[in-house]
Amino acid sequence: MTRFLKLVNFELGRFMKIYLALIGITIISQIAGVIIKSNSYISRANEAIYEDLVPKEEFFATEGLMSVLQVTRSLWFMGPIALCIAALIFYIFFIWYRDWFGKNTFIYRLLMLPTARIQIFLSKGVSILLMVFGFVAIQLMLLPIESVILKWIVPLDYRIDMTAGEIIQNSYLQTLIPSTFIEFVLYYGAGIMAVFIIFTAILFERSFRLKGVLLGAIFVGMTVLVFFSPILIMEIMQTYYLYPIEIFILEIILGLMLISVSIWTSHFLLKKKIAV
Amino acid sequence: MIEVKNISKKYGRKKVLNGVSFTANKGEITSLIGINGVGKTTILNAIMALTPVNSGEILINNEKINKASYEKITFIPDAITMLPQMTIAEAMQFMQDFYESWNQERATELLGFFKLKGSDKISSLSKGNTAKVNLLLGLALDVDFLLMDEPFSGIDIFSREQIAEVFTSHLIEDRGVIITTHEINDIEHLIDKVILLDEGTVIKEFNTEEVRENEGKSVIDVMREVYRT
Amino acid sequence: MRYWKIISITIISILAIGAFYIQSALAENNFPDFTFTIKSGDEEAVENLMLQGSYYGEGEKGQNVTIQTTGTAYSNNNSLLDLINPYYINPKIKRLQKEYRGFMRGKENNIAPFYEDEKLLVYADVDWGSMINDQDFTFDIEVLEKESGETEAFELEVPEKNKYDYIYVENVQMADEELKVITRQSVKRKNQNEFHVYRFDVSAQKLISDDLIASYQEENDTGWSYTDLISSSNTSGEENKYIAFVKTILEDVQGEGGEIYSEEVAKELVTYNLETKQMKSTELPDEINGESHNAVLIGKMVYFGQDSEAGGELIAYNIDSEEIDSNQTIDLLSKEQEDFGLLMKIHEGKMYVANLFSDRDTNGGIAVIELDTGEIVYEGFINVENLKTAPPGYELFLNEIMVQ
Chain F
1 MTRFLKLVNF ELGRFMKIYL ALIGITIISQ IAGVIIKSNS YISRANEAIY
51 EDLVPKEEFF ATEGLMSVLQ VTRSLWFMGP IALCIAALIF YIFFIWYRDW
101 FGKNTFIYRL LMLPTARIQI FLSKGVSILL MVFGFVAIQL MLLPIESVIL
151 KWIVPLDYRI DMTAGEIIQN SYLQTLIPST FIEFVLYYGA GIMAVFIIFT
201 AILFERSFRL KGVLLGAIFV GMTVLVFFSP ILIMEIMQTY YLYPIEIFIL
251 EIILGLMLIS VSIWTSHFLL KKKIAV
Chain H
1001 MIEVKNISKK YGRKKVLNGV SFTANKGEIT SLIGINGVGK TTILNAIMAL
1051 TPVNSGEILI NNEKINKASY EKITFIPDAI TMLPQMTIAE AMQFMQDFYE
1101 SWNQERATEL LGFFKLKGSD KISSLSKGNT AKVNLLLGLA LDVDFLLMDE
1151 PFSGIDIFSR EQIAEVFTSH LIEDRGVIIT THEINDIEHL IDKVILLDEG
1201 TVIKEFNTEE VRENEGKSVI DVMREVYRT
Chain A
2001 MRYWKIISIT IISILAIGAF YIQSALAENN FPDFTFTIKS GDEEAVENLM
2051 LQGSYYGEGE KGQNVTIQTT GTAYSNNNSL LDLINPYYIN PKIKRLQKEY
2101 RGFMRGKENN IAPFYEDEKL LVYADVDWGS MINDQDFTFD IEVLEKESGE
2151 TEAFELEVPE KNKYDYIYVE NVQMADEELK VITRQSVKRK NQNEFHVYRF
2201 DVSAQKLISD DLIASYQEEN DTGWSYTDLI SSSNTSGEEN KYIAFVKTIL
2251 EDVQGEGGEI YSEEVAKELV TYNLETKQMK STELPDEING ESHNAVLIGK
2301 MVYFGQDSEA GGELIAYNID SEEIDSNQTI DLLSKEQEDF GLLMKIHEGK
2351 MYVANLFSDR DTNGGIAVIE LDTGEIVYEG FINVENLKTA PPGYELFLNE
2401 IMVQ
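As you go down the protein sequences, you meet chains F, H and A in turn. If you're matching positions, the first sequence starts at 1 in the numbering used here and goes up one per residue. If you're matching positions, the second sequence starts at 1001 in the numbering used here and goes up one per residue. If you're matching positions, the third sequence starts at 2001 in the numbering used here and goes up one per residue.
Rather than coming from a laboratory, the hints here were simulated on the basis of the structure. A couple of the hints might just be wrong.
No farther apart than 27 Å at their CA atoms in a straight line, the calculated lysine-lysine pairs in the BS3-like style are these [claimed, not checked]:
#1 F:103 to H:1014
#2 H:1067 to F:273
#3 F:56 to A:2388
Work out the full structure: start from the sequences and follow the hints.
Next up, the structure:
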């Protein structure tokens, strides 16, 4: 177990510089966004109300009140999030291929560790997951800070104060941070499943190379088909035999099953088929 | 004892190994010799389960390789197995973290012997020093068997001498070593057993001492005979 | 600290994500609780009332809201959990699913193909076939005997099934082993709608008759028309004597700017006597101009709910005498919101009326009227329980009245 945690720590360390840089970009960009959007709102309000003599109510009716929500719709806010997501998606692949590429052949070392090889697979998966959670956590901590900064800049009657929860529920963040913990577990559980399935596909490629690309694609296709089979079958047959709750439970079972299949297949590939 | 039993390996249609069998004993230095591309590296990879074979079996101390085996047998490939951004000390720390058989004392000793600095980054090292670090990381493990892939290739003469020195030292002592090389000169006098390979098969297997005493031939003499015919 | 990476990421994640979800679980949702404030009448009348709509906080996205006397429930329409237990499922379907889980399996959220009395629960729908075999129309009939739990199920092909584009079951009635299924279907390539009554002998599992009761050209040279079946309340247990439709006729009119628009020119009430199989078509008096989906048929009476200048209006129309029997006005409901109008529902002998819109300045009104007597049994308002919980600019739009 300690070896596994060491492996996770090690995997995290290999991406840490870029990871911290991404966090830095997110913090700077989002806070800059709050400051810029707040100031431009205030100057628009001043111009309209004091120069063009538009009544306050009318200005609010057309422009709305200022809140963090207005910032969340801007590139300042969503841009770094998109960047982080893109970086992590890229890293899902790169976390494997970097061990094969270049002059160093770190994969030799990893495969020769006196631990079950599936731990390599799991440690890479857990690292990705932890990095995702880290981003989510940073965003959750940033939101109250951003609210405070907005309060400093925008006077009380020009703004709506919102809690982190309210901001999330009214913005795109909702898809990343669902409103209940059960959903959080389900969303990210599905995410782990997807990451593991992609990992397995990568291992197919690493084991059988060109032929493996096809096998990997077939594996991904099959898992997608199996996962959505209850819904697909019902849509094709046009009979909705199962109650939503039953479909839901069935999907959870299928998801857990696919995670097991993915881990088992990867275990087999790493043990018997992998080539440096 | 490492037993390689009738292993075959294909890359696509090309047969790289075709029924290779040999044994390597503890306390002996066994050399796999052959011109480049005859599958020497593939054999070492196969022993370490770093590449699958199509048929045949490999036993290490009568067991198929498993995770515990990696505390008993190690492989020093011809490229460094550590990340280039690590320092030598970090690489040593990594080994200590994961291997129970890591011998820190010996590692420190080797560091001094090779005149390496722990704070140096692997990526900044010369080719010779990189090879030494690679060797150090393998030699500092208290393992029964040590596999080395072309430890002398592309390295300056002084580094070569230093590495060759290792073979006569207590660092090798009673371990079993399998070494692949096509430059036999540096270590000819050290080798106990030679396995000559050609086109994926073992064409001759002999004990250097026997050949020297009975037939008065050096390893190179035998090689000449075999490869010229 | 060699393991700072794994330790710090784990701790930060657990603390931040944990704190967020603990906080959002502990915090009451930030949305206001709505209550029904009675002005006159009997509070019991709204006990089973369920209003559904959307709530908009200031600058916020809409939330689905369900208001009952027992409390206000919000649900986020993107939530996964809403998919599992959808808020929009008809309460009657919900009850049936709870009581007859096996029988209700695979049946959609549509009350029309069901008939229920004390002894029987009947389902008669037209199955459209699978995605592969489209428009393979079959009657799918299932009768559950409540006491024994036995189900009799059979399928029959729809006669002349290739003639139709779609077939909807509008109503199902059952009496003395005879099942009547009233359908609306469109004829292929003809732009024509038909209403049929199919009669089945359930014990013999046979179709007895297929009666075309009405056929409508939807479009003609001068305009177009649409026909709605008036829903009939079949909870009384008595068999309905009539089926009734409202046909709305529209004519193309050229406006001053040359643009063409449709104008309602007449409303006809079409009745079909199930016993005598006779059709009767009469023009409705001008007073009746509301949406026909707010109408309900009980025995020989058709009750129309509609907006009026005073607020809401309930008109009782007698099919036999072809006259308006009574006309009840509800003038309490907020009149300031002509744009938004009223929501109505007739259920078990009562009409429920509510304003579509509420905000801080104009509380939406609710009224309940007894159909037989025309008596207003309840009048009240939708209020925010604690005004502090609702932002000044909140808006509430209702879209459905349901009675459980």
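Results for each hint:
For the given pair, residue 103 of chain F sits about 26 Å from residue 1014 of chain H by alpha-carbon distance, which is consistent with the 27 Å threshold. A threshold of 27 Å between alpha carbons decides the hint, and for residue 1067 of chain H with residue 273 of chain F the separation of about 16 Å falls inside it, so the pair holds. Distance restraint check for residue 56 of chain F and residue 2388 of chain A: the Cα-Cα separation of roughly 23 Å lies within the 27 Å cut-off, and the hinted pair is therefore satisfied.
When the structure is compared with the earlier hints, no violation turns up for any of them.
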